[in-house]
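S.K.: Protein chains in written order, with numbering that gives the first Met the number 0: chain D, 0 to 306; chain E, 0 to 267; chain C, 0 to 322.
Source of the hints: derived by calculation from the structure; they are not laboratory data.
Quick caveat, the model's predicted, so the values are computed rather than measured.
Be a bit skeptical, because a hint or two may be false.
Here are the computed lysine to any residue pairs in the SDA-like style, where the Cα-Cα straight-line distance is at most 20 angstroms [unchecked claim]: (1) C:K138 - E:E76; (2) E:K75 - C:Y90; (3) E:K267 - C:W17; (4) E:K75 - C:Q135; (5) E:K47 - E:A232; (6) E:K18 - C:S13; (7) E:K267 - C:T9; (8) E:K267 - C:R137; (9) E:K267 - C:G45; (10) E:K267 - C:R185; (11) E:K18 - C:T96; (12) E:K75 - C:E87; (13) E:K18 - C:L95; (14) D:K286 - D:L257; (15) E:K267 - C:S13; (16) D:K179 - D:E163; (17) C:K141 - E:S81; (18) E:K267 - C:P19; (19) E:K18 - E:V113; (20) E:K267 - C:G15; (21) C:K141 - E:E76; (22) C:K138 - E:S81; (23) E:K267 - C:S63; (24) E:K75 - C:I59; (25) E:K148 - E:R16; (26) D:K132 - D:R167; (27) C:K138 - E:D17; (28) E:K267 - E:V113; (29) E:K148 - D:L30; (30) E:K18 - C:R137; (31) E:K75 - C:L95; (32) E:K18 - C:Q135; (33) D:K286 - D:Q160; (34) C:K141 - C:L172; (35) E:K267 - C:I59; (36) E:K148 - E:G231.
Here is what each chain is made of, one letter per residue.
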Amino acid sequence: MTRPGHPVIFASTLAVLMSLALGVQLTRDRLYAQMLTENRLMYVTSPKAMEKVALSYDSILADVYWVRALQHFGGERLKEGNGQYDLLFPMLDLTTSLDPRFVVAYRFGAIFLAEAQPGGAGRPDLAIALLKKGVAANPEKWDYYHDIGFVYYWNLHDYKQAAEWFGRGGDLPGAPWWLKTYAGVMLARGGDRQASRQMWFQLGQTANSDWLKQTAQLRLMQLAALDTIDALKRVRDTYANRSGKLPESWDQLIAARLLRGVPVDPAGTPYTLNFATGEINVSGYSKLYPLPTEPAAAPELAATAPK
Amino acid sequence: MRVVAVIAINVFRESVRDKVLYNLVLFAVLLMGVSYLLGQLTAGNEIKIIKDLGLAAMSLFGLFIAVFIGIGLVSKEVDRRSIYALLAKPISRQQFITGKYTGLVLTLLVNVTVMTLAFYAVLGAMAWKEGAWFQPHWETPALDPALLKAIAMIFLQLMIVTAVALLFSTFSSPMLAAALTVGLYVVGHFNADLKHFENVVDSKPAVYLARALYYVLPNMAPFDIKAQVVHGAAVPNGVLMLNTAYAALYILALVSAATFIFIRRDFK
Amino acid sequence: MYAIRTENLTKDFSIGFWRPRPYRALSDVTLTVEQGETFGFLGPNGAGKTTTLKLLMQLIYPTSGYAEILGRPVGDIEVKRRIGYLPESPYFYDYLTAEELLTYFASLHGYNRAEQRRRVSTLLDEVGIAAERRLQLRKFSKGMLQRVGIAQALLNDPEVVFLDEPMSGLDPLGRREVRNLILKLRDRGCTVFFSSHVLADAEALCSRVGILAGGRLVASGRVADLQAFQVRGWELVVGSLSTDTLAQHRHRIQRATTIARDQYALELQLSPDPIALLRDLVAGGAQVISLNPMRETLEDYFVRQVATHPATSRMDEPAKEAS
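In isolation and in its complexed conformation, chain D is listed as follows:
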């Protein structure tokens, strides 16, 4: 007369039921993923309300929203150019409201809210709004000033503003020496590839998250590609002057001893030469495509720059 119930039968029944339940879950998640991510935000959009709801669990909720922001971003990225990123700002806003010292969230917003479509939301204004929140919450951190200046420079091409923010950041105790240099460069020359390269290099150095490092590396490669394209343009022009027409392929340039081999971009893909227009660019298949719109030089600034 032992106890009733066979543990083995029970355990197997339980395992079967749970696996079936799991299967249903996975099926539902796969078929209706869109719906599920949306609903989680709609209820509490206001950071103020969220702060009240969160009680004393702000930090963990900030983490939750951070994770969701990343998921949302990743999901939109996969949409191959149709991403809306419309929930990115609200989620980052919520994250930083719940935890005003969530540095990486501000930085993420700075880079990807400002970045043009399809890589980002294309809303530098939102990026700056987010960063200004960061400045207000952490006025002694030079990072946010730098990031604001960076958005003005890289995305908005507003060199005066960029210079101002770089300058203010550079004034803070503990700020790195090159911030003030940026300010000077902005005011003197406006857009400058070397300055850009420097900024991205610094961003990559101080990055403590993978996505930032990778983005910085990508940008540096793109800038290097731009340098190479400038050089290739000079080669093309030399050929055009000599032969009176534009080269039709790299082979012609190689044959003319102007190039040693087919030029390849830092990502390993050959550059393209459009034989009709003579335009040189990275290939559409390259990782570096599309190349960013660089901040252009603005010589008129030089007139107003302090000496």
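Starting from the structure of chain D, add chains E and C where the hints point.
M.R.: Just chains E and C, lined up with the frame of chain D:
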């Protein structure tokens, strides 16, 4: 299954005599009071607010009932020893557990049904005051039948929570059972985030643990379609059916576990 | 087929949370109860009587051993249709009335509405709480609850009835009623198995008893057999006994208790034969009222058995064989 029905009806009778159904009065008063206040304050959007409030209140009140009666379903009978005389009758312990679960679900069903009627009544009254059942600036009609979808999902959630409470009631004290049940409910809402835990924490073991927990713990968030329904977003029937299937399987697992624990117990 | 049969029934509990130790509540209990018998299950507190009853009701499971009721293993649902059980200090559902409770239990037995009503009414009358049928159980006194408990145990006209301390909480009137009830059940041919402290009742009601002490069945058998050779003396009740005559024969009397003026109850030793003393007292002017052998009471026998198996020390010791 006649025995199960008899026990279930007794559970229902106990809930009624414990004055649980008075929560319905509170619900009705709340809805009516707020709808009246809103009428005095803002213009437009009251219907949406009442819908939000009604669904949220249904969920919350139902949750209270599911937890506070659920945790005592078994433990109360065992502690007070009323179970001694009961199990000497020609019933099996399985029938007892099933009967108790069914009884609480029945109580919840009655509760939710009455709330739904009150809810639609208040919405109807508000719409009637506005002069039309559907105004152009509303996202959905006042007496939107899609609300029933949200209510059905809420009810499924409550059934799961009841099963969880029942399971804990078979072996732990009411206090502990309440804490664990509410805890599981809260975790269940954030369950999906466990899947992507690697974005928050670096240690690999924690990530694997989180992922395992994601698969095992009840995933409550997908049952929450209140926002969609209120905003008029379409909810595919496929989701509803899959949710129902998931709930059924999970509840079956929980009740089996409760039964297994219960039939092997000594009643000291 | 026996009504009840156990075979080496043993139950261990674990005591303690951090380092659980086994505690042997029942040890190798083997007993049988014939159909139609009234069996008294006696023992001091903590002996394991309630544990045995719970094992028979399958509220707990044995560590080893076997038990059956009416030829089927305990817990068999069909057998439960033919038995009734009154737990110790019963608690039922506060919020139900007596009538509702009995109706609830009756419906679990499977009777239709009419049959439920009939049985409930009959039993409410039989246990004497018909007047309180509509009263909620939370308002019932202990004695009344005990009656409800008996009523619910008899709903299905059981063949075997298990009563755990049926007299507890009852005033003498209530005890008398329960006693009569048990006699009625006996007359109906019902097997009654009840545990009790009240030995006098067991003596009066039971055909057989079992004595449990320290988790072991230390004695079982017919009441008469247990006491058959235990005559320990004589009791002579005399009247009109003058003080002189008493003093004269005092040395032959073990104890003299005054009942009334000149009336005494004299305890005499087993031998010599009391007839001689009786004649002498009568010669001295006394009147013989009664002469009876003094048997050991069940209580004496009980105390003697239990003394060899003390219960209290077990709590501190691991399970071990008693001497």
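S.K.: Indicate, hint by hint, whether the structure satisfies it.
M.R.: Results of checking the hints against the structure:
1. Distance restraint check for K138 of chain C and E76 of chain E: the Cα-Cα separation of roughly 19 angstroms lies within the 20 angstroms cut-off, and the hinted pair is therefore satisfied.
2. Taking the CA atoms of K75 of chain E and Y90 of chain C, the gap is about 12 angstroms. The hint holds against a cut of 20 angstroms.
3. Annotation: proposed proximity of K267 of chain E to W17 of chain C holds, straight-line Cα distance about 19 angstroms (limit 20 angstroms).
4. Only pairs whose Cα atoms come within 20 angstroms are accepted, and K75 of chain E paired with Q135 of chain C is accepted, the gap being roughly 18 angstroms.
5. With a C-alpha separation of about 14 angstroms, the suggested pair K47 of chain E and A232 of chain E falls inside the 20 angstroms cut-off, and the hint holds.
6. Between the alpha carbons of K18 of chain E and S13 of chain C the distance comes to roughly 40 angstroms, so the proposed pair goes past 20 angstroms and is violated.
7. Restraint check for K267 of chain E and T9 of chain C: the C-alpha separation of about 15 angstroms stays at or below 20 angstroms, so the hint holds.
8. Simply put, K267 of chain E and R137 of chain C have alpha-carbon atoms about 24 angstroms apart, too far for the 20 angstroms limit, and the pair is violated.
9. Annotation: proposed proximity of K267 of chain E to G45 of chain C holds, straight-line Cα distance about 13 angstroms (limit 20 angstroms).
10. The suggested pairing of K267 of chain E with R185 of chain C is violated, with an alpha-carbon distance near 31 angstroms, which exceeds 20 angstroms.
11. Between K18 of chain E and T96 of chain C, the direct Cα distance comes to roughly 16 angstroms. Compliance with the 20 angstroms bound is thereby established for this hinted pair.
12. At roughly 18 angstroms between alpha-carbon atoms, K75 of chain E and E87 of chain C fall within 20 angstroms of each other, so this suggested pair holds.
13. Simply put, K18 of chain E and L95 of chain C have alpha-carbon atoms about 14 angstroms apart, close enough for the 20 angstroms limit, and the pair holds.
14. A hinted pair counts as satisfied when its Cα atoms are at most 20 angstroms apart, and K286 of chain D with L257 of chain D does not qualify at roughly 26 angstroms.
15. For the given pair, K267 of chain E sits about 11 angstroms from S13 of chain C by alpha-carbon distance, which is consistent with the 20 angstroms threshold.
16. At most 20 angstroms may separate the alpha-carbon atoms for a hinted pair to count; K179 of chain D and E163 of chain D meet this at roughly 10 angstroms.
17. A C-alpha spacing of about 15 angstroms is found between K141 of chain C and S81 of chain E, which places the hinted pair at or below 20 angstroms, so the restraint holds.
18. Restraint check: the Cα-Cα separation between K267 of chain E and P19 of chain C comes to about 16 angstroms, which is no more than 20 angstroms; the hinted pair holds.
19. Distance check on the hinted pair: K18 of chain E and V113 of chain E sit about 15 angstroms apart at the alpha-carbon level, within 20 angstroms; holds.
20. The straight-line distance between the Cα atoms of K267 of chain E and G15 of chain C is roughly 14 angstroms, inside the 20 angstroms bound, and the hint therefore holds.
21. Taking the CA atoms of K141 of chain C and E76 of chain E, the gap is about 19 angstroms. The hint holds against a cut of 20 angstroms.
22. Simply put, K138 of chain C and S81 of chain E have alpha-carbon atoms about 16 angstroms apart, close enough for the 20 angstroms limit, and the pair holds.
23. A C-alpha spacing of about 17 angstroms is found between K267 of chain E and S63 of chain C, which places the hinted pair at or below 20 angstroms, so the restraint holds.
24. For the hint linking K75 of chain E to I59 of chain C, the alpha-carbon distance of about 18 angstroms falls within 20 angstroms, and the restraint holds.
25. Our distance criterion of 20 angstroms between C-alpha atoms is broken by K148 of chain E and R16 of chain E, whose separation comes to about 31 angstroms.
26. Only pairs whose Cα atoms come within 20 angstroms are accepted, and K132 of chain D paired with R167 of chain D is accepted, the gap being roughly 16 angstroms.
27. For the hint linking K138 of chain C to D17 of chain E, the alpha-carbon distance of about 16 angstroms falls within 20 angstroms, and the restraint holds.
28. Our distance criterion of 20 angstroms between C-alpha atoms is broken by K267 of chain E and V113 of chain E, whose separation comes to about 40 angstroms.
29. Note on K148 of chain E and L30 of chain D: the hinted pairing holds, with a Cα-Cα distance of about 19 angstroms set against a maximum of 20 angstroms.
30. At roughly 16 angstroms between alpha-carbon atoms, K18 of chain E and R137 of chain C fall within 20 angstroms of each other, so this suggested pair holds.
31. This hinted pair checks out: K75 of chain E and L95 of chain C have alpha carbons roughly 15 angstroms apart, not beyond 20 angstroms.
32. Under the criterion of a C-alpha separation no larger than 20 angstroms, the hint pairing K18 of chain E with Q135 of chain C is consistent with the structure, at around 15 angstroms.
33. Between K286 of chain D and Q160 of chain D the alpha-carbon distance is near 32 angstroms, which puts this suggested pair outside the 20 angstroms criterion.
34. As the CA atoms of K141 of chain C and L172 of chain C are separated by approximately 14 angstroms, the hinted pair is consistent with the 20 angstroms bound.
35. Distance restraint check for K267 of chain E and I59 of chain C: the Cα-Cα separation of roughly 7 angstroms lies within the 20 angstroms cut-off, and the hinted pair is therefore satisfied.
36. The straight-line distance between the Cα atoms of K148 of chain E and G231 of chain E is roughly 12 angstroms, inside the 20 angstroms bound, and the hint therefore holds.
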